[in-house]
Amino acid sequence: MGMILSWLSMLVFSWRRWTAPIADSGREMDLPLRLLRGEVLYRDISYLYPPLAPYLNSLLYRVFGPHLDVLHCAGIICSVLIVVISYSIARRILDRTGSSIAVTAIIVLCLFKPSGNLISPYAFAALYGMIFSLATLLVSLRYAETKNDRELISAGILIGLAVITKQEFGLASAITITGTLTFIYRNQWKFFVRNLLGAAIPAMLIALPVYSFLIWHIGWRTIVEDCHLFYTHLPASVVFYNSQRTGMDRPFLSILQMFGAEAVAIAALSLVVILSDRTRKTFIRLIPVMAGSGIVIAAVAFVSGTQWDGSPLRALPLLLVAMIVYSWRKCDRNADAALFVISVYSLAILARVSLRVPSGGAFGGYFLPASLILFCYLFTVALPRLAGQWAENEPVVKQVRIYGAAILIVTLTIMLIVFGIRFRRNYNIELIAERGHLYLPRSSGPVIKQAIDYIETSTQPGEQIAVLPEGSDIVFLTARTTALRHQIMIPGLMSGSDEQTAIALLDRNKVQYILIVNRPMREFGLEAFGRDFYTNLGGWIDAHYSTVAVFGGNGNPDIQIGDRNFFVKVKKKMNTK
529 MGMILSWLSM LVFSWRRWTA PIADSGREMD LPLRLLRGEV LYRDISYLYP
579 PLAPYLNSLL YRVFGPHLDV LHCAGIICSV LIVVISYSIA RRILDRTGSS
629 IAVTAIIVLC LFKPSGNLIS PYAFAALYGM IFSLATLLVS LRYAETKNDR
679 ELISAGILIG LAVITKQEFG LASAITITGT LTFIYRNQWK FFVRNLLGAA
729 IPAMLIALPV YSFLIWHIGW RTIVEDCHLF YTHLPASVVF YNSQRTGMDR
779 PFLSILQMFG AEAVAIAALS LVVILSDRTR KTFIRLIPVM AGSGIVIAAV
829 AFVSGTQWDG SPLRALPLLL VAMIVYSWRK CDRNADAALF VISVYSLAIL
879 ARVSLRVPSG GAFGGYFLPA SLILFCYLFT VALPRLAGQW AENEPVVKQV
929 RIYGAAILIV TLTIMLIVFG IRFRRNYNIE LIAERGHLYL PRSSGPVIKQ
979 AIDYIETSTQ PGEQIAVLPE GSDIVFLTAR TTALRHQIMI PGLMSGSDEQ
1029 TAIALLDRNK VQYILIVNRP MREFGLEAFG RDFYTNLGGW IDAHYSTVAV
1079 FGGNGNPDIQ IGDRNFFVKV KKKMNTK
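In the working numbering, the protein residues as written are 529 to 1105.
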């Protein structure tokens, strides 16, 4: 009941406040509609992920109409699926109360975190891929319990779907079923190979035809070298971005923060034990542990500055490795393999953020559900058991479990209230447009609303416009169109010939209005479109278009991308002979 109330509360608090405009959101809105009109993915529209998600959303548009509410409903349904699947996974290692707490943590930190929620994800490919991978984890757990071949076939189908949705989720799913079979058949390699093929064949029957068709129909160069579907030929900007996500840009600092996070977790666990067993023996043993943890935390915070939020989740890779080793050594193949399987999945899915695990939000929410279940297991099962053995006092087990659960419940309740207030306070600019009703952030909402009003009064429905370097949500919400192949102009993805193609298209289609949005690309190593990257396209626009309106930034026509004030410049094509 608690997790249901949490989900309903966060849904109400965040109602229509899920979409953060400009960054990524426009692609998710407009791309399926362009496919519905007959454009071809990869050839006509650049896209870095496999094809399932945009074509599925295009089908939703065909059935229900092109409207933001369609995507929001898809996100809400997906959130329910995540809750149901996560609860089923949690019940393998937790009781009902512990499972409810774990799923509530997933609801608060993953589904509805204001800094990035899963109702309106940065990429529906990530959302759908997450569901397929979590479902693979669930059927892997079922196979460990039943040894039923149907579960292997189901796992294979889910892996295949994940592979054609978003690559890393397919890889994590494959590692999960492989780890499950390794645990069960650790000394029976013939059974291992036979059962692994039982999952691999359905996966290949789904994935191989899809990728073969894409390469045959679209071309190897476009799929592999231009859209990077196999993570090859990556431009320096994408490598830079991924190094920041993984923590490999500053690996030693990332590792230091990981140990700092471990100190936070040790201090929290020690506090639970002290509150539960207030004996002199406990104080003598654990006060030095807490003091040492405090020194480590202070040192890491001093060195890291603002780059570390103090979250214990940064230590998850260390915890997961320990759980994998423990469950492998302590459990024989006939025992419950749930702890091992969940730990393997959790570590595999965290690979992309291994040294810098985020605390949910726009990027981390897709990788954390299983780890949060294990975190609750640590507080409500593993710690009480360990404390009871250490104190040689059975009542301590119950006390530690109560205090551990209480700390988690209080923390999550506070987060739920704070996040609800943030949604209401920060997303308070109502926008009712042709294809969407939502609340925009107060920091950028007034400017976006003015730009949308201008486009609606200055152009006709269906007219082509361009929004650079990204912001196709303005195109979608106003029922206008765009024909540029790159909807998000990430530095390095376009070649010089791609710039010339974009220029020719804008000129040939007589695009009258181009909007320049203050969207710095610092996370890709460069800042300003037209100045730091794609200077040919930016220079052509400046030579052929004049600024007719500036929303935000005090209306300064010379304001540049990277300014601290959000703005949208409207440029209109000059009348030339």
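For the record, the hints were derived by calculation from the structure and aren't laboratory data. Among these hints, one or two may not hold up.
[What the hints assert, rightly or not] Here are the computed lysine-lysine pairs in the DSSO-like style, where the Cα-Cα straight-line distance is at most 27 angstroms:
# : residue 1 : residue 2
1 : LYS1100   : LYS1038
2 : LYS718    : LYS675
3 : LYS718    : LYS809
4 : LYS977    : LYS926
5 : LYS718    : LYS926
6 : LYS977    : LYS1038
7 : LYS675    : LYS858
Review point. Is the hinted pair LYS718 and LYS809 satisfied, with a Cα-Cα distance of at most 27 angstroms?
Key: violated, 52 angstroms
Point to revise | Distance restraint between LYS1100 and LYS1038, which requires alpha-carbon spacing of 27 angstroms or less | key: holds, 11 angstroms
Check your understanding: Are LYS977 and LYS926 close enough, with their CA atoms no more than 27 angstroms apart?
Key -> violated, 55 angstroms
Exercise for review: For the pair we were handed, LYS718 and LYS926, check the Cα-Cα distance against 27 angstroms.
Suggested key: Answer violated: LYS718 to LYS926 is near 44 angstroms, above 27 angstroms.
Check your understanding: Is the Cα-Cα distance between LYS977 and LYS1038 27 angstroms or less?
Key -> holds, 25 angstroms
Exercise for review: Decide if the proposed pair is consistent with the structure: LYS675 and LYS858, CA atoms, cutoff 27 angstroms inclusive.
Suggested key: Within the cut-off at roughly 21 angstroms; holds.
Point to revise | Given hint LYS675 paired with LYS718 - CA-CA distance at most 27 angstroms | key: holds, 15 angstroms
Checked against the numbered hints listed earlier, the structure breaks hints 3, 4, 5; every other hint is satisfied.
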